[in-house]
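Asker: What follows is each chain in one-letter form.
Protein chains: 2
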Amino acid sequence: MRSFAEATALSELRAGVHTAALDSEWSIGKNPHGGYMMALLTKAALRTAQRSHPLAVSAHFLRSPDAGEVELHTERVKRGRLFSTAHARLVQNGKVCIEATVTAGEISDAAHQWEAAQQPPIKPIDECPDHRMPTDGGLLGHLNLRLDPHSTAFLRGETDDGEVRGWMELTDGTDFDPLTLIVAVDMLPPTVFGLGQSGWCPTVELTYQLRALPAPGPVAGYTRCDALSADGWFNEDAAVYDSRGRLVAQSRQLALSGTALKNR
Amino acid sequence: MRSFAEATALSELRAGVHTAALDSEWSIGKNPHGGYMMALLTKAALRTAQRSHPLAVSAHFLRSPDAGEVELHTERVKRGRLFSTAHARLVQNGKVCIEATVTAGEISDAAHQWEAAQQPPIKPIDECPDHRMPTDGGLLGHLNLRLDPHSTAFLRGETDDGEVRGWMELTDGTDFDPLTLIVAVDMLPPTVFGLGQSGWCPTVELTYQLRALPAPGPVAGYTRCDALSADGWFNEDAAVYDSRGRLVAQSRQLALSGTALKNR
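Sequences listed follow chains V and G, in order.
Numbering-wise (this note's numbering), the first sequence opens with residue 1 and increments by one.
Numbering-wise (this note's numbering), the second sequence opens with residue 1 and increments by one.
For the record, the hints were derived by calculation from the structure and aren't laboratory data.
These figures come from a predicted structure and were not determined experimentally.
Among the hints, a few may not be true.
Identical chains share a label here; the pair holds if one copy fits it or two copies do between them.
[Said to hold, decoys possible] With a cut-off of at most 25 Å between alpha-carbon atoms, the simulated DSS-like pairs for lysine-lysine come out as follows:
1. 262 - 30
2. 262 - 78
3. 95 - 30
Isolated chain V, as found in the complex:
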C-alpha cells in the first residue's frame, strides 16, 4: 500500500517537465482516479508557480491514461503579487490526457468572514457504514469512505434525490491537505446513481477551489446534481467540510452518464 505522498512522487527531467508513475492502487477499476491525477498535476504546477496553495484548479479530462509512467508539462504563465498562474498537462505516450490550469497563492487559516449556511446534515461518522471491501486493491484501500445511509438508495436498487453525503479519511494516517482534498471532491459515488443511471461516468471537466486549510480529522463530503440532460451530461457540485464544520473545498464537474455513454 503506497501512501499518497509515495503515489505522487515527482522527478524533474528538465525545466517544466516532471516524470511520475501513476499508481495502479489509486484507481477505480483499471482507470487511475481523476482526482488523484489532478492532484499530481497540481503538485507539479505548484512547484513551477512557486506558490503554496492551489486556489483554483480547472482540469479538462481528454483521455484516460493507463497506470505507469507519465510526464507532467508545466509552464508559469503569470507571476503576481496576489497569485500566480501555471498551465499544466499530463502526457502519456505523447498524448495529452489532462489539460489543466492552476491559480496558486497563499490563503490564511482564519475562519470565514461569512458563510451562507451550515454544513448539510450528514449522519455522524459512526452511523455511516464502511464501504471498504477486503479484496479491493484500488482507491477504497486508501480512503475510508463512509456513506450516509440517506445516499445509498442505489446500493439497494432504489432511487433518491441526486444528493450524496458521506465521510472520508485517509488510511495512510495522514490528514487531508490542499492536494488530497482534490481527491476528496471527486471521491463520492456519482450523484446520478441515485437517479437510476449506472456504469463508469467519465469526468469531462472538473474545477476545484481550495476555500480554507483543513483541520486534522475526517472530512465530510456533500455532492449534488442540478440537471441530467437528454444526452446524458450532468453537473456535480461538491462541498467538503473539515472536522470543525468549515467549508474547505468546493468543486463542480461536468460528467457524462455511464448509461448514456453505453447507448452511444
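Take the given structure of chain V and dock chain G to it, following the hints.
Answerer: Just chain G, lined up with the frame of chain V:
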C-alpha cells in the same frame, strides 16, 4: 452601439492566431467585461476545435487588458468523437491576460431527463426595475438588466443573504446563444455587495457549462455565494434559465472582494 457579433469579430492572422479588438462599450468602467472576453476567446477556440457548442469553458483571469487589439492563440489538444478540447489564450502586448480551456461538442435541444428543482423564485420581469442609465456607455447599454428588488438591498445601503436574482435581455435585439450566455453568467452584480463589500471584485477563475440551447426571449439569472474567506476570496455560482424555465447555463467563479483588495 456595436452588437455582440460586431464586438466579437475575428480575423485569422495565421493558423491558431486570430486578432480581435476588445470593444470599449462591452466594459465595466474601463475594464473589458470578463464574460465578454471569455466569449470572444471561446468563439476562436470553437473554430479551432471545429465543434458547435462550448460544453465547458474554464478561464483563469491573469490581468485585465485595455480596450483595443488582442491576439487569441488557440490550439486543438484533442479531437474526439463525443467532444474535442482546445487550449486558448488572450494575449495583449505579448502578455497573457486570460488562460482558458474549452471542451466543445454538440448538445441536443431536448428537455432535461431530470432536474433537481425548479428555477428559484424571481419576480416577473415587469416588476423588476430597469438598471440602465442613459449616460452609461458601457455594458449596461448592451444588456437590459432588471434586478429582482429582493437583490438590491445594497443599492439601499442594506445587507441581504448573498443571493442575486434578475432578468437579462440583449439590447441588439438578438436572443441569447451559447456564447452570449457566457456574458449572462457574469452579468449580475457581485453577491458580496449584499454582504457589505464593495468595489471592483476581480474574477480570478470562472468555469462555464452550457447545459441546454436557450429558447428565444429574456433569461433569468440566479447567483449565490457560499463563503467569503477572511482574506476576501469568495465563490459565486450562477444558474441561468431560459424563457421556458429550463436550466441552460451554469458557472462557478472564484473572485476577490473589492474591499479586501483595497486593504492589501
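Asker: Would you mind marking each hint as holding or not holding in the structure?
Answerer: Quick rundown of the hints versus the structure:
1. For the homomeric pair residue 262 and residue 30, the shortest alpha-carbon distance inside one copy (18 Å) is at most 25 Å, but the shortest distance between copies (50 Å) is not.
2. Within a single copy, residue 262 and residue 78 get their C-alpha atoms only as close as 41 Å, which misses the 25 Å cut-off; across copies the closest is 21 Å, which meets it.
3. For the homomeric pair residue 95 and residue 30, the shortest alpha-carbon distance inside one copy (19 Å) is at most 25 Å, but the shortest distance between copies (41 Å) is not.
Checked against the numbered hints listed earlier, the structure breaks none of them; every hint is satisfied.
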